[in-house]
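Residue numbers (numbering that gives the first Met the number 0), protein chains in the order written: chain A, 0 to 378; chain B, 0 to 378; chain C, 0 to 378; chain D, 0 to 378.
Quick list of the computed label-pair ranges, beta carbon to beta carbon:
| hint | chain 1 | residue 1 | chain 2 | residue 2 | range |
| --- | --- | --- | --- | --- | --- |
| 1 | D | K140 | A | D242 | 36 to 44 angstroms |
| 2 | D | E98 | C | E98 | 33 to 41 angstroms |
| 3 | C | G204 | B | Q7 | 25 to 33 angstroms |
Think of the hints as simulated: they come from the structure by calculation, not from any bench.
Bear in mind the structure is a predicted one, so any value in this text is a computation, not a measurement.
Where a beta carbon is used, it is the ideal one built from N, C-alpha and C, also for glycine.
One-letter residues, chain by chain:
There are 4 protein chains.
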Amino acid sequence: MATGQFKQLRRSYGFDEVAIVPGDVTANPDQTNIDFKVDNFTFTIPIIASAMDAVTDVNFAILMSKLGGLAVLNLEGVQTRYDNPEEVLSEIAQAPDTEATPLLQKIYSQPIKDNLIGERIQAIKKAGAVCAVSVAPANTKRLAPIAAEAKADIFVVQSTVTSAKHISKSYRGLIFPELRQSIPMPIIVGNCVSYSACLELLRTGISGVLVGIGPGAACTTREVLGVGVPQITATIDCAAARDKYLSESGKYIPIITDGGFRKGGELCKAFAAGADAVMLGSVFAQAKESPGLGYHWGMSLPHPALPRGTRIKVGTTGTLEQILFGPTSVTDGSQNLVGALRTAMGVCGALTIQEMHKVEMVVAPAITTEGKSWQLSAT
Amino acid sequence: MATGQFKQLRRSYGFDEVAIVPGDVTANPDQTNIDFKVDNFTFTIPIIASAMDAVTDVNFAILMSKLGGLAVLNLEGVQTRYDNPEEVLSEIAQAPDTEATPLLQKIYSQPIKDNLIGERIQAIKKAGAVCAVSVAPANTKRLAPIAAEAKADIFVVQSTVTSAKHISKSYRGLIFPELRQSIPMPIIVGNCVSYSACLELLRTGISGVLVGIGPGAACTTREVLGVGVPQITATIDCAAARDKYLSESGKYIPIITDGGFRKGGELCKAFAAGADAVMLGSVFAQAKESPGLGYHWGMSLPHPALPRGTRIKVGTTGTLEQILFGPTSVTDGSQNLVGALRTAMGVCGALTIQEMHKVEMVVAPAITTEGKSWQLSAT
Amino acid sequence: MATGQFKQLRRSYGFDEVAIVPGDVTANPDQTNIDFKVDNFTFTIPIIASAMDAVTDVNFAILMSKLGGLAVLNLEGVQTRYDNPEEVLSEIAQAPDTEATPLLQKIYSQPIKDNLIGERIQAIKKAGAVCAVSVAPANTKRLAPIAAEAKADIFVVQSTVTSAKHISKSYRGLIFPELRQSIPMPIIVGNCVSYSACLELLRTGISGVLVGIGPGAACTTREVLGVGVPQITATIDCAAARDKYLSESGKYIPIITDGGFRKGGELCKAFAAGADAVMLGSVFAQAKESPGLGYHWGMSLPHPALPRGTRIKVGTTGTLEQILFGPTSVTDGSQNLVGALRTAMGVCGALTIQEMHKVEMVVAPAITTEGKSWQLSAT
Amino acid sequence: MATGQFKQLRRSYGFDEVAIVPGDVTANPDQTNIDFKVDNFTFTIPIIASAMDAVTDVNFAILMSKLGGLAVLNLEGVQTRYDNPEEVLSEIAQAPDTEATPLLQKIYSQPIKDNLIGERIQAIKKAGAVCAVSVAPANTKRLAPIAAEAKADIFVVQSTVTSAKHISKSYRGLIFPELRQSIPMPIIVGNCVSYSACLELLRTGISGVLVGIGPGAACTTREVLGVGVPQITATIDCAAARDKYLSESGKYIPIITDGGFRKGGELCKAFAAGADAVMLGSVFAQAKESPGLGYHWGMSLPHPALPRGTRIKVGTTGTLEQILFGPTSVTDGSQNLVGALRTAMGVCGALTIQEMHKVEMVVAPAITTEGKSWQLSAT
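Produce the complete structure using the sequences and hints provided.
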């Protein structure tokens with residue numbers, strides 16, 4: 000057999016398939032520094048709330064900023080389509096399962112109101128919080144100037160898959176170096192999952208890259224399109240692109256792993272794989288302060304012809320502060336995420352996130368229950 | 000240990016175990032060309048409805064042709080054994096589970112009526128549709144002339160496993176070069192799964208190869224015989240045979256991945272693995288216009304001594320047009336298959352099916368749920 | 000890391016993880032020859048019923064011989080401990096689950112009656128059947144002469160793990176070359192799973208080797224002892240030992256894969272892995288003619304201090320003839336095992352068992368359901 | 000792709016993924032010697048009961064010592080915080096599931112009473128038993144002198160992850176060579192999982208190492224922190240460190256695999272992977288004599304801000320003697336652990352634990368059910 004001509008398939012790995020190996024030296028958790036920087040902004044925790052309507056509204060963005068992190072407001076969601084988004088969010092939460100997708104398709108067919116963009120941004124800024132906003136590539140040229148005028152701090156361009164170069168007959172694609180010239184804010188772009196796509200994005204001069212396609216709780220991209228790379232491999236590959244770009248440009252641009260997180264252990268693994276920060280969706284949709292009222296849905300769901308995602312019930316499990324810092328009586332890893340990260344860094348002897356990037360991981364399938372069967376059947 | 004003398008086992012992959020990696024360049028979905036050619040026939044969508052009684056009858060074949068694809072009529076099924084096949088199909092749909100297999104064994108024991116072959120073909124042709132018909136190798140010599148006389152357009156010779164050379168004491172096996180001489184239609188042959196078997200079939204001068212043994216929803220070949228190769232590996236291997244044959248003959252003969260498809264993501268992966276078209280069974284059995292009345296069964300099931308397959312309830316989920324082109328509110332990938340393919344090609348920057356053959360895939364087991372557990376428990 | 004000093008672990012495979020790749024040439028199933036030879040005995044089907052009390056009694060042995068195969072009578076089971084074993088078998092079948100193991104421990108504590116050994120053997124011989132009997136290594140010296148005197152045809156020495164050399168302070172281990180001298184029958188020995196253990200057994204001059212430790216339906220050796228090699232790897236390795244022994248001695252000694260079979264597909268894979276014959280337990284316990292009355296249990300279960308195995312309900316699914324040759328309406332591969340084997344050989348173009356040894360197999364985990372989910376939920 | 004710069008992930012294995020290959024020579028189980036030595040102490044069985052409150056109290060330690068093994072008393076658990084620990088243990092057993100974690104957090108917030116340490120140790124010693132006690136690294140300097148004064152025999156320093164060097168600003172870390180000078184007892188330290196971390200610990204001059212992070216039945220470290228290495232790989236790696244240390248120092252220091260054991264087969268695999276002894280928790284919590292009253296919980300569970308572990312119901316299945324030596328009617332491998340070990344050594348022809356270290360193992364996923372499906376559905 001002439002095997003040379005056959006397509007090669009590389010093995011990739013998700014959160015559930017790897018585990019962190021503790022170090023030869025350990026450290027006190029309170030010794031660790033977990034700062035995260037985007038351009039001139041420094042955050043005391045490397046955790047970002049995602050630009051999803053069930054997660055981030057004005058109040059949530061202010062609270063997240065106060066707690067040391069960052070939340071991104073979606074400029075194409077219900078917050079900028081409705082004067083009173085609470086009503087719409089309540090309607091979504093009350094819809095029966097079978098009607099949720101058509102209802103979302105209808106709600107997101109309303110137009111975006113430019114004036115609401117300014118109002119939301121200013122409400123966040125007025126509270127003294129850092130304001131990050133997100134738009135899809137197709138709407139960037141129209142919405143970026145409005146966001147800039149309202150003095151948003153960080154501008155996120157995000158779609159399921161974003162590349163440095165987009166082919167279209169009907170319109171001229173978004174050129175990131177041009178965008179950088181036109182607005183004064185640092186730009187974060189995503190999502191991507193491969194070494195080469197990430198490197199091409201970094202070379203456009205942006206300030207951050209979002210990593211992850213397909214893994215989120217409210218996303219069915221992999222089922223519908225067959226597209227997606229598990230998060231550990233995606234993070235490892237994009238971290239390698241970041242390091243390559245650092246060596247060729249001298250600039251350290253952070254990569255942010257986005258999607259699929261449910262608990263502290265996964266977050267720790269993302270950093271061990273090379274992430275500078277993580278973006279969480281469904282975990283924060285469980286917070287008492289989140290606007291989703293115990294529900295969560297993906298932002299590519301409302302596509303009128305090819306919805307990808309489902310509305311899911313996530314419940315409300317605690318305050319945002321508890322989710323981030325504890326204390327907690329929950330033992331499944333869904334609360335005190337910062338405590339988990341610092342403890343994991345401690346047992347690895349990693350004093351900074353960049354040291355955490357260097358710790359060893361092994362492939363260790365979760366399928367190996369090893370004595371866990373009692374837990375499952377415990378009553 | 001003298002390991003050299005031990006049998007080697009190569010790893011193979013199915014749909015659920017791989018994922019497509021998006022490209023460094025993206026493209027607009029409406030920019031993509033997904034034409035599929037068999038000899039002088041060009042279809043605007045690379046999707047074929049399989050020669051199964053729950054999927055293709057005269058009306059379904061006409062509709063599929065109008066929508067740009069192709070449907071294959073089984074010349075050895077109920078359509079050519081019964082003057083009024085609707086009655087029989089209704090009887091199958093109404094049988095209790097425990098009686099379904101014996102009933103099918105009985106129904107398929109009725110003889111094929113030559114006159115019905117002509118009638119069915121002419122009904123399809125009269126509507127202006129492309130007419131493809133299929134027979135098993137054993138009946139090819141008898142039925143091919145009848146199909147030719149009725150002016151069928153494309154002739155499919157199909158069994159679970161078909162090879163270029165068949166050993167038998169009792170009869171002289173089917174010789175494909177001879178068959179090509181005897182009938183004027185392009186011939187598609189299948190199924191096969193390996194590089195060498197596919198290459199031998201291509202060298203007989205046929206116009207297309209069906210790829211896939213064992214993966215279908217209504218097929219238990221792998222349980223009963225232990226035989227079968229998962230579809231991604233089978234497609235990769237047969238695509239390599241196609242490329243080899245192209246390099247030795249200058250002719251590009253399409254390979255058609257057949258069996259096991261449930262949703263758009265799998266279809267996209269088949270093209271990324273090298274397929275020129277896909278053949279769908281159970282997905283189309285779910286169409287409002289399909290003759291199976293919400294049920295589906297494999298054509299090797301009715302074997303009197305060794306049935307392989309089960310009648311399964313697939314339900315009716317939408318019109319054929321919705322399944323192919325949407326729009327849809329279903330988020331599991333079972334509808335708008337063409338939209339899914341074009342979107343996947345877009346995120347990969349592939350403007351043609353042949354460019355789609357070159358995109359990267361990774362091994363990414365579906366077992367890695369990564370945040371999907373909420374979906375499963377969502378109520 | 001000095002990886003050189005770390006213990007290496009080789010990957011092994013079971014039935015569910017592999018699949019047979021069809022050949023470039025196919026053949027008619029009725030063209031295939033599936034004869035199996037042990038010394039001067041030739042059987043027309045390569046299938047042996049195991050020496051378990053739920054499977055083989057005098058009547059079953061006679062029937063199996065008539066159908067072309069072989070059944071092995073356990074000389075240490077209920078047939079030689081009880082004048083009227085039917086009573087005891089009925090008691091076992093009627094015991095509640097919680098009492099099954101203690102009951103079996105009690106039943107098998109009764110002594111073996113030498114006179115019954117002779118009676119059972121002669122009953123089989125009188126019917127014109129080939130009579131194979133089995134004993135454990137520890138009892139071989141005592142029971143072999145009795146079996147020889149009663150003119151058994153084939154003598155099987157079987158325990159969970161049998162090696163060519165056994166270390167003991169308290170007694171002198173069984174020496175197979177000595178045993179060969181002392182009794183006139185061909186000797187089959189097992190079980191073993193590795194290349195070297197099998198080769199050492201072959202070098203003692205025996206006439207057949209049983210392959211398989213731990214995989215049986217009624218066996219928990221792997222849970223209790225951690226010992227066992229999946230059947231495909233065990234068969235491949237022992238087939239390599241057989242070929243090695245052939246090259247050094249000129250003698251072709253058959254290997255018999257024993258344990259873990261449930262359906263035709265698995266049986267076909269065992270032959271593709273190199274087996275000359277297969278030994279079935281639980282599949283035959285399902286036969287109308289088997290003495291287990293719908294139940295099955297392992298022969299190492301009754302160990303008084305460390306039972307390994309459970310009594311399981313297997314049900315009664317058909318006659319032995321149906322299980323072997325069909326016809327059947329069952330589509331799960333549990334009936335018409337010979338038809339399945341011949342059909343699989345046909346699609347592989349293998350005309351003899353030895354040609355079947357050469358067909359390609361791939362690793363193809365059953366976990367890849369590929370469209371099988373409908374089957375699971377089909378109602 | 001510049002793959003050289005990407006993080007590498009090594010495959011690791013747990014109990015369920017491997018199996019022991021029997022040897023070419025077998026031996027009588029009663030021929031095997033399974034002695035285990037720590038410094039000048041020799042135990043006739045290589046099995047240690049873990050320092051968990053549901054497992055070891057004074058009576059259990061005495062019984063375990065009489066039966067030839069060792070039990071470790073936790074000096075920071077309920078036995079040294081409460082004059083009457085039985086009351087507290089009963090309260091834990093009676094708490095509803097939802098209140099178990101907060102209750103444990105409260106119970107373990109009571110201070111340790113120095114006088115109780117002395118009383119417990121002396122009660123064990125008075126009975127003629129070997130007394131092993133355990134403390135966490137942070138409390139070692141305070142509690143070690145008290146344990147030494149009370150004449151404990153073996154001193155265990157144990158936390159989830161313990162390294163030879165700990166970084167802290169707030170206090171001076173524990174220095175094991177200093178500890179060795181200050182107390183006269185042999186010191187066992189753990190837990191660790193990697194070659195290098197184990198080797199560093201061995202080089203501090205201690206007398207034993209505990210191996211295992213994350214696998215225990217009552218532990219969720221891997222979920223919460225993402226940290227952990229499956230036990231087979233951890234044992235293989237640490238056994239390599241032991242052998243390396245032997246070659247550089249001439250001293251053979253035992254490694255003790257700790258956590259995740261449920262049945263005999265797993266224990267046998269740990270020895271085949273290189274363990275000199277095993278430490279069991281949940282299996283012994285099932286003993287009639289254990290203080291947990293049918294419940295079990297991890298000692299890192301009570302952490303007030305980040306609990307890792309759950310209280311689980313394990314039930315009471317037999318006496319400690321039955322669990323260790325049988326006889327038993329249980330066929331799942333949870334009883335007669337010593338019998339299982341000796342039998343496994345027998346089929347491998349291993350006469351000592353060190354010979355057992357050399358037996359072959361294969362990767363053989365438990366997912367390969369091979370005929371086990373009947374067991375699951377057996378009624």
